[in-house]
Amino acid sequence: MKKFDIFKKGLFIENPIFVLLLGLCSALAITTSLTNALGMGMAVICVLIMSNVIISLLRNIIPNEIRIPVFIVIIATLVKCVQMIMNAYTPALYESLGVFIPLIVVNCIILGRAESFASKNGVVDSFLDALGMGLGYTFAVLVISFFRELIGTGGLSLFNPFDASQVIFQFSAFSEYAVSLFTQPAGAFITLGCILAFIQFLKVRKEKKAKNAEVK
Amino acid sequence: MSIWAFVWMAALVAVFIGTYLMNKHTPKPEGCEDMSECGGCNNIACTHHSAHHEDEDKDEH
Amino acid sequence: MELVSLFIGLTFVNNVVLSKFYAVCPLLGVSKKPKNALNMGYAVTFVIFVASIVTWLLYNYVLVKLEITYLDLITFILVIASLVQFVEMFLKKTSPDIYKAMGVYLPLITTNCAVLGVALDNISAGYNLIEAAVAGLAVPIGFTIVIYVFATIRERLDIANVPESFKGTPIALITAGIMACAIAGIAGLV
Numbered sequence: 001m002k003k004f005d006i007f008k009k010g011l012f013i014e015n016p017i018f019v020l021l022l023g024l025c026s027a028l029a030i031t032t033s034l035t036n037a038l039g040m041g042m043a044v045i046c047v048l049i050m051s052n053v054i055i056s057l058l059r060n061i062i063p064n065e066i067r068i069p070v071f072i073v074i075i076a077t078l079v080k081c082v083q084m085i086m087n088a089y090t091p092a093l094y095e096s097l098g099v100f101i102p103l104i105v106v107n108c109i110i111l112g113r114a115e116s117f118a119s120k121n122g123v124v125d126s127f128l129d130a131l132g133m134g135l136g137y138t139f140a141v142l143v144i145s146f147f148r149e150l151i152g153t154g155g156l157s158l159f160n161p162f163d164a165s166q167v168i169f170q171f172s173a174f175s176e177y178a179v180s181l182f183t184q185p186a187g188a189f190i191t192l193g194c195i196l197a198f199i200q201f202l203k204v205r206k207e208k209k210a211k212n213a214e215v216k
Numbered sequence: 217m218s219i220w221a222f223v224w225m226a227a228l229v230a231v232f233i234g235t236y237l238m239n240k241h242t243p244k245p246e247g248c249e250d251m252s253e254c255g256g257c258n259n260i261a262c263t264h265h266s267a268h269h270e271d272e273d274k275d276e277h
Numbered sequence: 278m279e280l281v282s283l284f285i286g287l288t289f290v291n292n293v294v295l296s297k298f299y300a301v302c303p304l305l306g307v308s309k310k311p312k313n314a315l316n317m318g319y320a321v322t323f324v325i326f327v328a329s330i331v332t333w334l335l336y337n338y339v340l341v342k343l344e345i346t347y348l349d350l351i352t353f354i355l356v357i358a359s360l361v362q363f364v365e366m367f368l369k370k371t372s373p374d375i376y377k378a379m380g381v382y383l384p385l386i387t388t389n390c391a392v393l394g395v396a397l398d399n400i401s402a403g404y405n406l407i408e409a410a411v412a413g414l415a416v417p418i419g420f421t422i423v424i425y426v427f428a429t430i431r432e433r434l435d436i437a438n439v440p441e442s443f444k445g446t447p448i449a450l451i452t453a454g455i456m457a458c459a460i461a462g463i464a465g466l467v
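Residue numbers (the numbering used here), protein chains in the order written: chain B, 1 to 216; chain S, 217 to 277; chain Z, 278 to 467.
Bound conformation, chain B alone (with noise of 0.2 Å):
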């Protein structure tokens, strides 16, 4: 049970992009479409996994005092590899996400996970903690650009990751009533802005709730 709480906690509670506002440069960037989303969150969760349990091994070995930079190095160097592999495998993807692949090295979540809780903890602990944020970063772009290519096309399409040609699903249902401004950066902002809110006008209500309940 204690392992499946691990696992949760990423995907809600702690959400790196809607709970501890981690990694906003490139959730505002790339959720532009719903196939961009997707393999960002994919690529997100392949370098966390790998880096936190890679680090969880070598917690250990690692002199404490230089353990920060030494983090730094081991992340650069398998955002790196997952750069190349996705030019190799995915080139459409690699193309429109561009330099928002090598910039995962400087995503806040990544270092995060790694000295918060990859350095202190297990590897199978480890390896659910970065699945469970990963997903949990996934599931908040997935979100983001849902509402952005909606409302941004007027319909929604998603495209197979690893085959551009691929089609999995595709419908425009308003296109001649869609607002052009939510494909483009300042409908990042708004988006994101407006779901902060509602998450926020959520936990009030639940206090406010809570308060009542007390009182009587």
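Since the hints were made in silico from the structure, they are not lab data.
It cannot be assumed that every hint is accurate.
20 Å max Cα-Cα, derived EDC-like pairs, lysine to aspartate or glutamate [what the hints assert, rightly or not]: (1) Lys-240(S) / Asp-374(Z); (2) Lys-208(B) / Glu-441(Z); (3) Lys-377(Z) / Glu-246(S); (4) Lys-244(S) / Glu-65(B); (5) Lys-444(Z) / Glu-246(S); (6) Lys-206(B) / Glu-441(Z); (7) Lys-240(S) / Glu-65(B); (8) Lys-203(B) / Glu-441(Z); (9) Lys-310(Z) / Glu-408(Z); (10) Lys-80(B) / Glu-344(Z); (11) Lys-444(Z) / Glu-207(B); (12) Lys-370(Z) / Glu-246(S); (13) Lys-211(B) / Glu-441(Z); (14) Lys-244(S) / Asp-374(Z); (15) Lys-209(B) / Asp-374(Z).
Beyond 12 Å from chain Z on every Cβ pair, some chain B residues (computed) [claimed, not checked]: (16) Leu-11; (17) Met-50; (18) Tyr-89; (19) Asn-107; (20) Val-124; (21) Phe-139; (22) Lys-209.
A few chain Z residues that don't get close to chain B, going by computed Cβ distances all over 10 Å [unchecked claim]: (23) Val-281; (24) Ile-330; (25) Leu-414; (26) Ile-460.
Heads up, the beta-carbon is just placed ideally off N, CA and C, and yes, glycines get one too.
With chain B fixed as given, assemble chains S and Z onto it according to the hints.
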């Protein structure tokens, strides 16, 4: 050719870890020790983050 | 003339924060007081300017010569991180006053996407050394302008009557969105 890659990597890592340690052991000038303002951003790579100062605390105890 | 349009393009039209999304974290994290925002801006300007020149030189004179360009990402992040550590140490030792004003923001810069982003963009755009230096100046100036303006707006927002759900980060993000609209208005300029 690949030998240069290893040499280059080793040199860079050595320089980085060297500067990191040197910087860490340089005390901050007076009046700058208090960075309590910087608690909120969760950015662990920032050396103001408590993660970089744990071992110093341990030494004191 | 081309350099001027490159400068204006990178400062305003392709603003680093509002249209490229580099450095959104410091935008939300640091910029609550205009004065702090400016000091952070100076620190970022200095680091990005030096980093973009150093990384350009290393890429073209070391990595290309040794045919190890696949190490670009690792080289850049390590050079930037070492540079920040060195500058911080240098300021601590030599001028406590400058350290007090802007040095405290230096450690945050290592993982500022803007520094690594500019270094990578300079290479992928195929700039020469002078263009890379201009980019290394234009980008952080755009950053400084945005975080300064943003900080002044947020100062007012603190006393504004904002719906409870929107208080804090949500309204800050929407403000940034409106600023991005303004930047998008001059998109055809360069």
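Comparing the hints with the structure gives:
1. Lys-240(S) / Asp-374(Z): holds, 19 Å
2. Lys-208(B) / Glu-441(Z): holds, 12 Å
3. Lys-377(Z) / Glu-246(S): Between Lys-377(Z) and Glu-246(S) the Cα gap is close to 9 Å, so the pair holds against 20 Å.
4. Lys-244(S) / Glu-65(B): With Cα atoms ~18 Å apart, Lys-244(S) and Glu-65(B) stay inside 20 Å; holds.
5. Lys-444(Z) / Glu-246(S): violated, 36 Å
6. Lys-206(B) / Glu-441(Z): holds, 13 Å
7. Lys-240(S) / Glu-65(B): holds, 9 Å
8. Lys-203(B) / Glu-441(Z): Status holds; Cα separation ~11 Å.
9. Lys-310(Z) / Glu-408(Z): Not satisfied, since the Cα-Cα distance of roughly 33 Å exceeds 20 Å.
10. Lys-80(B) / Glu-344(Z): holds, 16 Å
11. Lys-444(Z) / Glu-207(B): holds, 16 Å
12. Lys-370(Z) / Glu-246(S): Distance ~11 Å between Lys-370(Z) and Glu-246(S) Cα, so the pair holds.
13. Lys-211(B) / Glu-441(Z): holds, 17 Å
14. Lys-244(S) / Asp-374(Z): Holds: Lys-244(S) and Asp-374(Z) sit about 11 Å apart, inside 20 Å.
15. Lys-209(B) / Asp-374(Z): violated, 50 Å
16. Leu-11: About 20 Å separates Leu-11(B) from the closest Cβ of chain Z, which puts it past 12 Å; holds.
17. Met-50: holds, 15 Å
18. Tyr-89: Its Cβ never comes within 12 Å of chain Z, the nearest being 17 Å, so this holds.
19. Asn-107: Asn-107(B) not clear of chain Z: closest Cβ-Cβ about 8 Å, inside 12 Å.
20. Val-124: Given that every Cβ of chain Z is farther than 12 Å from that of Val-124(B), nearest at about 28 Å, it holds.
21. Phe-139: Given that every Cβ of chain Z is farther than 12 Å from that of Phe-139(B), nearest at about 19 Å, it holds.
22. Lys-209: holds, 15 Å
23. Val-281: Correct as stated: the minimum Cβ-Cβ distance to chain B is 24 Å, above 10 Å.
24. Ile-330: holds, 19 Å
25. Leu-414: Check passes; 19 Å lies beyond 10 Å.
26. Ile-460: Violated, because the least Cβ-Cβ distance between Ile-460(Z) and chain B comes to about 8 Å, which does not exceed 10 Å.
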